[in-house]
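Chemist: Numbering (the numbering used here) for the sequence shown: 4 to 320.
Honestly, the hints are just simulated from the structure, not real lab data.
Errors might be hidden in some of the hints.
Pairs of lysine-lysine residues, derived as DSSO-like cross-links and limited to a Cα-Cα distance of at most 27 Å, are as follows [what the hints assert, rightly or not]: (1) 257 - 277; (2) 253 - 277; (3) 284 - 43; (4) 244 - 164; (5) 164 - 95; (6) 244 - 284; (7) 257 - 244; (8) 284 - 253; (9) 257 - 284; (10) 43 - 70.
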Amino acid sequence: KNGGRGFVVVSGYSGCGKSTLIDQMRTLLPPKRAKMIRCKFYGQGTKQAMLPLIFRAFDDYCLELAKGDPNLLAEVQTAVTEALGSNAVVLKDVMPNLSIIVGDIHDSMSDGIGAGTQEMNRIVYHLRDFVRAIARPTHPIVMVFDDLQWADEQCLDIISKLITDVESSSILFIGAYRDNEIESGVHPLEVCLGGIAMDMIPMCTISLGDLDRASVNELVSDALHLSPRITRPLADTLHMKTGGNPMFVKQLMKVLHEENLLYFSASARRWEYKLESIREKSVADNAVDLLVHKMQNHYDSESQWILRVASLLGPSF
Numbered sequence: 004k005n006g007g008r009g010f011v012v013v014s015g016y017s018g019c020g021k022s023t024l025i026d027q028m029r030t031l032l033p034p035k036r037a038k039m040i041r042c043k044f045y046g047q048g049t050k051q052a053m054l055p056l057i058f059r060a061f062d063d064y065c066l067e068l069a070k071g072d073p074n075l076l077a078e079v080q081t082a083v084t085e086a087l088g089s090n091a092v093v094l095k096d097v098m099p100n101l102s103i104i105v106g107d108i109h110d111s112m113s114d115g116i117g118a119g120t121q122e123m124n125r126i127v128y129h130l131r132d133f134v135r136a137i138a139r140p141t142h143p144i145v146m147v148f149d150d151l152q153w154a155d156e157q158c159l160d161i162i163s164k165l166i167t168d169v170e171s172s173s174i175l176f177i178g179a180y181r182d183n184e185i186e187s188g189v190h191p192l193e194v195c196l197g198g199i200a201m202d203m204i205p206m207c208t209i210s211l212g213d214l215d216r217a218s219v220n221e222l223v224s225d226a227l228h229l230s231p232r233i234t235r236p237l238a239d240t241l242h243m244k245t246g247g248n249p250m251f252v253k254q255l256m257k258v259l260h261e262e263n264l265l266y267f268s269a270s271a272r273r274w275e276y277k278l279e280s281i282r283e284k285s286v287a288d289n290a291v292d293l294l295v296h297k298m299q300n301h302y303d304s305e306s307q308w309i310l311r312v313a314s315l316l317g318p319s320f
């Protein structure tokens with residue numbers, strides 16, 4: 004709003020609510036004018052698999068912009084055209100939808116993302132020009148980098164350059180990662196965050212943990228539309244079995260419903276549960292194992308094979 008820039012780091016165990024917290028920020032953004040650009044990393048892929056994710060996020064932004072307010076599109080077109088000029092060709096191969104903003108780009112000097120260091124430096128240099136042009140007080144940007152624990156060093160270097168760019172304004176960067184998957188002192192992300200912390204950019208850290216018993220009871224009470232007094236025995240049992248991990252709690256409730264241990268009573272016109280059976284039920288150690296077990300029991304071998312193939316394709320599936 005005031006043309007500043009900042010960096011927020013959100014950390015926590017898988018399923019603790021990092022992505023949900025970030026998604027809620029959308030409701031705080033000025034409607035129509037502000038944009039959230041999201042880059043999500045996944046798996047333990049190679050540089051060729053990781054690096055395009057950053058450029059794809061900005062490419063998707065170009066496409067989204069074209070579908071929105073035509074006045075905003077015109078403003079961004081003018082700013083980006085002035086900032087890049089003929090250098091738009093440098094970003095053509097990594098951001099094909101850039102042509103929506105600057106018009107047709109006829110020539111290409113790039114052999115792709117896998118090109119040499121010199122060309123990649125040029126791409127990153129002009130990517131910063133692009134970010135400076137689109138982020139402005141009338142069009143603030145929230146740039147999210149999710150699951151940073153899986154980003155490789157080349158991606159982290161580009162992210163660091165974008166965040167520490169002193170000429171950027173009207174932009175908030177958010178980085179989210181699973182702190183339990185970061186080995187202290189040796190992980191590239193920890194080195195990257197340490198370097199950014201030494202910069203003058205305003206920075207804060209939000210560390211999310213598991214829910215306590217009262218919070219789990221509030222979650223269950225809200226989901227089932229029952230009084231906290233009625234749901235407390237169930238919530239205490241769920242907390243004991245899940246440790247208070249929000250995603251684990253939700254997935255376990257779905258399993259209980261599927262097994263008719265948590266059910267809607269037509270006669271009572273409310274949700275009810277079989278507490279003793281739930282207490283005796285053996286469950287997985289975490290939400291991931293629970294989901295795997297659920298898929299193995301609910302899908303035939305052909306469906307499981309399709310899911311395995313889909314997992315290799317990542318978020319583009």
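Chemist: Hint by hint, note whether the structure agrees.
Modeler: We went through each hint and held it up to the structure:
For the proposed pair residue 257 and residue 277, the alpha carbon gap of about 14 Å is at most 27 Å, so the pair holds. Pair hint residue 253 plus residue 277 holds up; C-alpha atoms about 17 Å apart against a cutoff of 27 Å. Under the criterion of a C-alpha separation no larger than 27 Å, the hint pairing residue 284 with residue 43 is inconsistent with the structure, at around 35 Å. Of the pairs offered as hints, the one joining residue 244 and residue 164 is violated, with about 43 Å between alpha carbons and a cut-off of 27 Å exceeded.
Distance check on the hinted pair: residue 164 and residue 95 sit about 20 Å apart at the alpha-carbon level, within 27 Å; holds. At most 27 Å may separate the alpha-carbon atoms for a hinted pair to count; residue 244 and residue 284 meet this at roughly 10 Å. As the CA atoms of residue 257 and residue 244 are separated by approximately 14 Å, the hinted pair is consistent with the 27 Å bound. For the proposed pair residue 284 and residue 253, the alpha carbon gap of about 16 Å is at most 27 Å, so the pair holds.
Between residue 257 and residue 284 the CA atoms are separated by roughly 14 Å; this keeps the pair inside 27 Å, and the hint holds. Between residue 43 and residue 70 the alpha-carbon distance is near 22 Å, which keeps this suggested pair within the 27 Å criterion.
Against the hints set out earlier in the document, violations occur for numbers 3, 4.
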